Amino acid sequence: MSDTQPVRRIAEMFIRASCRRLPEDERGERCREWSAELPAILDDTSVRLPLQRAVRALRYSAGISRTTRQLRRASGRPAKAGSAGWRDGAMPVRPAGPGSRMTIGAIVWLIVIFAAVVLLRAHPHPDSWPFIGFLALAAAFDGFCLIDIVRAGEVRYLPKWAWALICLAQCPGGGIVYLCVGRVNRAKSAPPGSAQRP
Amino acid sequence: MCSLAFVKLTKPLERVLRVLLADPVAPHYGYDLMKAASLASGTLYPMLARLQQEGLVDSEWEDRSADAGGRPPRKYYRLTAEGVRVARLELAHASTAPQSTRHVAARPAHGTPGSAL
Chain A
0 MSDTQPVRRI
10 AEMFIRASCR
20 RLPEDERGER
30 CREWSAELPA
40 ILDDTSVRLP
50 LQRAVRALRY
60 SAGISRTTRQ
70 LRRASGRPAK
80 AGSAGWRDGA
90 MPVRPAGPGS
100 RMTIGAIVWL
110 IVIFAAVVLL
120 RAHPHPDSWP
130 FIGFLALAAA
140 FDGFCLIDIV
150 RAGEVRYLPK
160 WAWALICLAQ
170 CPGGGIVYLC
180 VGRVNRAKSA
190 PPGSAQRP
Chain B
0 MCSLAFVKLT
10 KPLERVLRVL
20 LADPVAPHYG
30 YDLMKAASLA
40 SGTLYPMLAR
50 LQQEGLVDSE
60 WEDRSADAGG
70 RPPRKYYRLT
80 AEGVRVARLE
90 LAHASTAPQS
100 TRHVAARPAH
110 GTPGSAL
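In the order they appear, the protein sequences are chains A and B. Under numbering that gives the first Met the number 0, the final residue of the first sequence carries the number 197; numbering is consecutive throughout. Under numbering that gives the first Met the number 0, the final residue of the second sequence carries the number 116; numbering is consecutive throughout.
This is chain A alone, in the form it adopts within the complex (with noise of 0.2 Å):
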C-alpha cells in the first residue's frame, strides 16, 4: 500500500529517534524488531479506516518512546560508553525528530491564532472582557508551563532554561510546543534509582 507510506516513515524516523536511548549493542536489533511491527499496524485488515490505522502507527511509536526510556532507566544508564552526545536526561538535539508530536503543536497553535482572531474581530475594542480575558488565560498557561519546567525531572532535546525562554518569548505559542516536543511525562521521570529494585 502506497498510501500509507509516508506515516510509517514518520513512524521509523520517531522509532529510530527513540532507539538512540538504548545502549549501541541493542539499538539496531530493537528498532529492526519495532520497525517491522509497522507493516502489520498498517496493514491491518480489522481497522476499518485508514486514517485509524496511520492513528495507530502513530500511537505505536511513541509507545516505543516511553518504552526506550524505561528501559534505559530500568538498566541504570549505562549511556556514556561510547556515546559522546549523551547526556541524563537530554537526547542529543534532532530537530527533524519527532515529527508528529511538532505537527500536532503547530495544530494547536494554528487553532489559539484562529481564536485569537475571531475573538478581536467579535470584540474590536481591546480593552474588551472577552481580550483582557484570552490575555489572561494566555498568561495563566505560560506561568503553568514555567513551573512545569522548573518541576520536571528531565525535560527533552534543551536544557531547562532554554524550554524557559521558549515559553516566555513566544506567549502561548512557546508553551505550547514545550508540552509536546519537551515534556517527560512526570509519573514516568522519578528521579533515577529512587525505585531500584534490589
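Everything labelled a hint here was simulated from the structure, so no lab data went into it. Careful: at least some of the hints might be erroneous.
Quick list of the computed label-pair ranges, beta carbon to beta carbon [stated by the list, open to error]:
no. : chain 1 : residue 1 : chain 2 : residue 2 : range
1   : B       : T95       : A       : E23       : 37 to 47 Å
2   : B       : S94       : A       : A73       : 24 to 34 Å
3   : B       : E61       : A       : Y156      : 27 to 37 Å
Note that the coordinates shown come from a computational prediction; the quantities given were computed from them, not determined experimentally. For each residue, glycine too, the CB sits at the ideal point set by N, CA and C.
For chain A, the structure is supplied; the task is to place chain B on it using the hints.
Leaving out everything else, chain B in the frame of chain A:
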C-alpha cells in the same frame, strides 16, 4: 526459585500472561500481543523486556525464508518452559487471591472471585 516476585502481577501483566499461556507454543509478535491483550506498546514492551530478562519469555527472529510478502522479519515471543510454569502458578494464585489485594477496576461489586479461570 524463579517467580514473578520481582514485579507485582498487575492487570496488564496478567492479560499478557493469559494471552501467552492460551497457546504457549505459538509465536506471538508485538502487535499481535498488543491487540490480544489490548495494551499500548509503551506498556507491553517494557514488560516483555522484564520477562525476558527473568528468563520467562524467549524471543526469536522470524525465518527469513518464511512467506513474508516482502515485509521485514518480525521478532516472535513465546513463554519458556519456566515461564509457562510460573505463569500458570501466578494466574492461578491471582484468581484465588482475595480481590481486595488486587487492583480491580470496573467490575461489579458482587462478582464472584475465582470464576475467571
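Is 24 to 34 Å respected by the C-beta to C-beta distance linking B:S94 and A:A73?
holds (28 Å)
Kindly confirm whether 27 to 37 Å is satisfied by the beta carbon distance between B:E61 and A:Y156.
holds (35 Å)
Is it true that B:T95 and A:E23 lie within 37 to 47 Å of each other by Cβ?
holds (45 Å)
Consistency note: the structure conflicts with none of the earlier hints.
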